[in-house]
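Asker: Protein chains in written order, with numbering that gives the first Met the number 0: chain E, 0 to 579; chain R, 0 to 192.
It cannot be assumed that every hint is accurate.
Pairs of lysine-lysine residues, derived as PhoX-like cross-links and limited to a Cα-Cα distance of at most 20 Å, are as follows [unchecked claim]:
| no. | chain 1 | residue 1 | chain 2 | residue 2 |
| --- | --- | --- | --- | --- |
| 1 | R | 142 | E | 516 |
| 2 | E | 195 | E | 206 |
| 3 | R | 87 | E | 313 |
| 4 | R | 142 | R | 20 |
| 5 | E | 313 | R | 65 |
| 6 | E | 39 | R | 169 |
| 7 | R | 110 | E | 548 |
| 8 | R | 57 | R | 3 |
Derived from the structure by calculation, the hints contain no laboratory data.
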Amino acid sequence: MKELMLGNKALARGLYEAGVCFVSSYPGTPSTEITEEIVKYDEIYCEWAPNEKVAMESAFGASLAGRRAFCGQKHVGLNVAADPLFTMSYTGVNAGLVVVVADDAGMHSSQNEQDSRYYARAAKVPMLEPSDSAEAYEFAKLAYEISEQFDTPVIIKMCTRVAHSQSVVETGERTEHKKDYEKNIAKYVMMPGNAKKRHPVVEERTKNLKKYSEETPINKIEFTTDEIGIITASTCCQYVKEVFGDSASVLKLGMTYPLPEQMIKNFAAKVKKLYVVEELDDVIESYVKSLGIAVEGKNILPVIDEFSQNLIAKAFGKPVPSGISLEDEIPARPPVMCAGCPHRGLFYSLKKNKCIVLGDIGCYTLGAVPPLSTIEMTLCMGASIGATHGFNKMLGAESEGKTVAVIGDSTFMHSGMTGLANVAYNQSNSTVIILDNSITGMTGHQQNPTTGYNIKGDPAGKINLEALCKAMGINRVRTVDPYNLKECDAAIKEELSAPEPSVIISRRPCALLKHVKHKPPLKVDTEKCIGCKSCMKIGCPAISMDGKKARVDSTQCVGCEVCSQLCPKKAFVSTGGEQA
Amino acid sequence: METKNIIIVGVGGQGSLLASKILGHIFLSEGYDVKVSEVHGMSQRGGSVITYVKYGDKVYSPIVDKGEADFLVSFEILETARWLEYLKPDGQIVSNTQQIDPMPVITGAAKYPENLVEKIRAKGFKIDAPDCLELARKAGSPKAVNIVLLGRLSHYFDIKEEVWQDALKKNVPPKFLELNQKAFELGKNAGAE
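All chains, please: the whole structure from these sequences, using the hints.
Answerer: Structure representation (structure tokens):
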């Protein structure tokens, strides 16, 4: 059946048809929907793991057991899972094992735009790169054949524009591929004596994969002219076709590690001028140059940001359409914490107490933008706690009384626990605030080990954050409601002045969760409002100034009443109408 | 047929993903090759968002670049102005007149420009700008703005009414179907200027 499918959904369909039995992932834009689509297939066991490393190891275990397995993550997630990946390259697999890494050139929703193609070469694992949904579907199935034929994990590299674009896919039927588990210490126990014997196997495999790369139909030459030849892969294939049509010959690479040396040489020999068009780093271009072939690429194309058809056309000196805009200055519209976001009240209290806030990855990173402008550092998942520990160890009393780590519930489960273990073990006088909104928010509401529900929404194991922190050796653990500013203020003051490590759990579910009941929206009593703008300090998108008076947007307000607590004239009143 | 480009712009969370999904299904059922490109993650938290819908005999790039769009469909008038340069000079705008203050306006760091519809028209663009929020409320929910817009947009396409209705049925939950059908109807009949 022909269907319009998101790249991630098409990939999930390919996994299903390939007979995958086990999926374990951690959410991360732009990879999340692969796993969210997989959960709809009853034949597949599917879970959210606490982090990518655990997900990768679990998928490895499932492969070892003889069942085709999958693990998906965003680019920075693969950094977390890199440890098992590199040695899985040595052990190889039992049943097929495929890993997706989704890059985010342009950083639509990421903290860096690293190029994950280096991982394939570094771990000596083959990599496939689809350029649209149909290929995502097709490559997912092919990846399992390669994995089992060559006894290796296979990486499929997605990017935002392939993962989050819909195009037409024709689907087929599921086939089953189960193997038996066999004890094999020499293959699966990677201690030095065994690993030394496995490394040559890896090198031999790479040689064989190079041959495969020369022959596979997913690396193909579309020869139309000898004037210009372009080597390209992933979403760039689409831009190149759009710009050049048949006016350039194209070597389209579906397999980008290992690269097909002979095919590249043959293609280069046939064209007068050779280019590589690739997003981010010069991975393919460097390889072509290493073969002694004259080629252009990053001398005319950027290593920064994602590409588009106009960007490529311009780089090749072709005319591009230009649009017309207004003379008016158009104010920026940066993302903001939603109206009723439980993080807002807590951040206001931190700002009021002039805290140094070291942050983490999640919606609450928005605590760094005006008017809250409170977070002073965000690095990677879990870094808030480690960084606060180091910061306090060096500055001592100077910082201990005002520095806090803020981290979400899911991020704490992902890699905050080990940071807290260090605080408890090496006793830094640090205060950690866990923003428990009972969900993984930024990636679109995924369950995690603290929510009590699994990926299907069924009841599951639930980790008690208070008990966990206490068990780790933190004596001072308290819980506050972030809608209550007085309570937040008192907790922050007391825990920062306490002479020992402490944890504050700021608990209130995400305002966007469907099961959360809201109060009716507020409105401003314009008789009482004196236009002092106290309520504007919290940066709520539902409050604006209408002349000299505050105004509440009733379509956004969820009646959280954080603004009411700041109003000196009690000008915010409930509309008492139907629920927003 | 040469590829036609539609951009759908708005404020993260306004429902542009559903609108692009419905359009994608309609063009596919009309026998075209289709690509739709979306934005997920951080910018969906109240930021400026853009979704691309492209259809034709063969579509390559999933994105629409500056000066390439045949239609600009907008949930909010400031966003219409922001993405204006993506439209072809003879392109058609279908825009909600609703204003949602972005944070720099809320904090007083910037001013919301005035008379945007008039200014856009003065640039020679064709703009059809009904108050979709009001029409959505009339249909029963302010959240139906996306379907009001689709109803308005349907006016510019030579596609049978049943195709739109069928796409609605397939893409909205049954309990909201009637509401959305009403929203579509109100949008469709909002007088074009």
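Asker: Compare the structure with each hint and give your call.
Answerer: To see whether the hints hold, each was checked on the structure:
{"no.": "1", "hint": "142(R) <-> 516(E)", "result": "17 Å, holds"}
{"no.": "2", "hint": "195(E) <-> 206(E)", "result": "18 Å, holds"}
{"no.": "3", "hint": "87(R) <-> 313(E)", "result": "18 Å, holds"}
{"no.": "4", "hint": "142(R) <-> 20(R)", "result": "16 Å, holds"}
{"no.": "5", "hint": "313(E) <-> 65(R)", "result": "12 Å, holds"}
{"no.": "6", "hint": "39(E) <-> 169(R)", "result": "18 Å, holds"}
{"no.": "7", "hint": "110(R) <-> 548(E)", "result": "16 Å, holds"}
{"no.": "8", "hint": "57(R) <-> 3(R)", "result": "11 Å, holds"}
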